[in-house]
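For reference, the chains in residue letters:
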Amino acid sequence: MNYDINSFFDDLENYNIDFVVLRDLNNALPNNLSEEKDVDIMIKNTDINKFHSLVKKRKLKRIKHPWDFGRNFVFLYNMNEFEMYKIDRINIDICFELPVRSLNNREWMPLDDYIYQSIWKTKKKHDSYYILGDTELLVHLISRSLLDKNEFSKIYIAKIESLFTNVDKDELNRMLSLVFFKFTNKLIELLSKKKYSVIYKEYLTFSEY
Amino acid sequence: MSNPAVIYLSDFKLSTGENVRVEDNIGEAIHIHIGEYRFDFTIDELIELSKGLNDALENLIELPQFRIEDYDSIFLSEVGSDILYLTDMCLKEVRIGDLLVRFQSNNGFYKDGFIDNSRVFKYLNGNQKEIDRTNQENYLLVTNETRIKMINESIKENGYPHNNQHLILFNNQLYIRDGQHRGAVLASLYGLDQMIEVKFFYFLENKGNIEKISIYRQFPRIVKNNLILFLKRTYRFSRRVARKIL
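Chains D and Z, in that order, are what the protein sequence lines are. Numbering follows my numbering, with no gaps: position 39 of the first sequence is 39. Numbering follows my numbering, with no gaps: position 237 of the second sequence is 237.
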């Protein structure tokens, strides 16, 4: 039988490996994947050894990560390196902490441990895999847009807007404050007013601290 | 967790050996690290500190015509404590084509040449490959190419010198110490025979002079930098191989 993404999810479950699919904004999982798009999965860092045992047992093919050059593959604060595997012609991009890129030197660093631990408590089962809780997903998309992409794409905006109205605002504020500090109130104000095109510039020029 | 939005504003060593780093942690605070200590400032406090240090510097320099606002702060920080040995300054006219620059070639060697040998001048005269599109170190989110275009537009609109900011040369050497980009733009716009006004700084005992540097003296540095890069790549490759085996 062909080992595919569903087999991989089953294995993660059977090996008691805590994992979440970070983003599936195109709803491609599990049966509409294409070779052009990676599947982004986060595995709990306490389960790294179990994961590597699974890799060895299933002889999963590890491939060079596309970011593995120059400054793009520098990991701070003991963050584990990304790993990439090819399963049934699909690229599986594995991280072990929720990543965000530093603005200055573009190194990878993990989001705050409070957010990380919250992910494992609030993750939701979806088909054969797990996804982030709504607040955690929102924080992830906002952080990625500002710090990694430096802009809000249409697909991210659509998802952010679908989540924004329903999440607990106090919890959202608490989590975003761990990433954006005193810019958080301004950020939430700009998000609620849907002023996505100016958020990055407002962030860089924020001076009320 | 640390702030992911940390912008390094400055990074240098004091003459006493301590490292100093100034960081903007967006949304949080300005951090000034001096050796083992960290000082937290608000932005307003940093600006006040900066004004105080500027006043102190002006008072230390015994030239009444020296005004901090006439000079680029990054240039002044590069001059460092040598500025205290400034004994005189004056304006003189020089031919643009006689101005000298020290630049780094693609293979890492430093070379000296007239302004028309500079990479910026060559770029402005059609050689697109001379300037890459990497970001300028001292200008956030501004690439080399963008900066040259900005200077070009500024000179066309405001002329030279603008806001009393001249090209700076030291002692009687014709090396441009501040204003290489402006010098290249001026050469490109007005030609190498054009005379322009530049400012000469004179230092006690010719401090700050550029010494000639031979290719051979640079070899150890080039070899060292390439060796470090080679060792880093070898280490990462070995780690990947070890993971596969284990």
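Hints are computed from structural coordinates only; laboratory data are not their basis. Some hints here could point you the wrong way.
[What the hints assert, rightly or not] Simulated pairs of lysine-lysine, BS3-like, Cα-Cα distance not exceeding 30 Å: (1) Lys44/D <-> Lys125/D; (2) Lys199/Z <-> Lys122/Z; (3) Lys64/D <-> Lys199/Z; (4) Lys156/Z <-> Lys182/D; (5) Lys37/D <-> Lys186/D; (6) Lys51/Z <-> Lys44/D; (7) Lys159/D <-> Lys124/D; (8) Lys201/D <-> Lys156/Z; (9) Lys122/Z <-> Lys56/D.
Going through the hints against the structure:
Using a Cα cut-off of 30 Å, the hinted pair Lys44/D and Lys125/D holds, with the two alpha carbons roughly 16 Å apart. For the proposed pair Lys199/Z and Lys122/Z, the alpha carbon gap of about 25 Å is at most 30 Å, so the pair holds. Distance restraint check for Lys64/D and Lys199/Z: the Cα-Cα separation of roughly 54 Å exceeds the 30 Å cut-off, and the hinted pair is therefore not satisfied. Under the criterion of a C-alpha separation no larger than 30 Å, the hint pairing Lys156/Z with Lys182/D is inconsistent with the structure, at around 41 Å.
A distance of roughly 33 Å separates the Cα atoms of Lys37/D and Lys186/D; the hinted pair therefore is violated under the 30 Å criterion. For the hint linking Lys51/Z to Lys44/D, the alpha-carbon distance of about 49 Å lies beyond 30 Å, and the restraint is violated. For the hint linking Lys159/D to Lys124/D, the alpha-carbon distance of about 17 Å falls within 30 Å, and the restraint holds. With a C-alpha separation of about 28 Å, the suggested pair Lys201/D and Lys156/Z falls inside the 30 Å cut-off, and the hint holds.
Between Lys122/Z and Lys56/D, the direct Cα distance comes to roughly 55 Å. Violation of the 30 Å bound is thereby established for this hinted pair.
This entry does not satisfy hints 3, 4, 5, 6, 9, going by the numbered hints stated previously.
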